[in-house]
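Chain residues, written in single-letter form:
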Amino acid sequence: MKCKRVRRKLSAYLDRELNDKGKEIITEHLKECTNCRKEFSILSGQDELVTKLEAMEPSVDFRVRFWKKARESEGKEVVKKMPRLSWLPVPVMSLLIIIIISYVSGFYFTLYAKGENLRTQIETQVLENFIASAHPLNPISLLNFCNECWEALCRRAQSQKVSSKCICGRCENQ
Amino acid sequence: MSSKLALVSLFLGIFSFIHLLGIEKAILAIIFGTWALKETIVTPKSNKVAWIGISLGLLYLAAIAVVLVFYFPKLILLLEKLK
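Chains A and B supply the protein sequences, listed in that same order.
Position 95 of the first sequence, counted from 1, bears residue number 95 in the numbering used here, the numbering being contiguous throughout.
Numbering-wise, the numbering used here comes out as the position in the second sequence, counting from 1, plus 174.
Each hint should be verified, as a subset may be incorrect.
Distance condition first, Cα-Cα at most 27 angstroms in a straight line; then the derived DSSO-like pairs of lysine-lysine [unchecked claim]:
(1) Lys-219/B x Lys-68/A
(2) Lys-114/A x Lys-255/B
(3) Lys-248/B x Lys-161/A
(4) Lys-178/B x Lys-69/A
(5) Lys-222/B x Lys-178/B
(6) Lys-255/B x Lys-165/A
(7) Lys-178/B x Lys-161/A
(8) Lys-52/A x Lys-23/A
Simulated from the structure, these hints should not be mistaken for laboratory data.
The task is simple: from the sequences and hints, build the whole structure.
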């Protein structure tokens, strides 16, 4: 067998992927040919070295970084991010949170000043609406809570003669 | 990157114990989306996905804020009239 053909098969020979006949032919050739034997010893040395190395998990963005560098080397345009609007979400979020906290706090502090009886009643409704029967769409849960709260306060206002008629429009339906 | 995902996992685990009408999830969506936009390498797809997450988070917060702004002043007014 010629050296060129043997060297092409050396890797498969090292990995024990050849059939018995192929193995025999290469073993015989390596006994006779110094150059191929030298090539084989380098290959087996490299294989041993690679086997000793620790397995490395590529990072999650490895693929992205790889293709970016490949595109750069070809002179193609690299994807650019949009820096102008990326600052916008956090201030908008902060503003919405401030609005939510201020309305909820305002309601709770006003409720707190009205006495334990009413506070307990509203707190029970909060528990019933948000914890016991959580709606998949929470703004709807909040809407239901507001409507029930409004009805409870309207009834109380009528009983205390603060208001002569139903304000919420729900008391008359019952 | 894998350490960032680990950090995301930690925050989500901590926030599993907090229930604030889903507001906590919206806040996390906005924060992580903004974080993703500030990465050094941003592909068009990850850019789009980040913006979708941010928009949904903001939309949710806006929906909660709208309900509160519409209803709570009336409730507070009525509460103040009560003895």
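Could you tell me which of the hints above the structure violates, numbers in ascending order?
7
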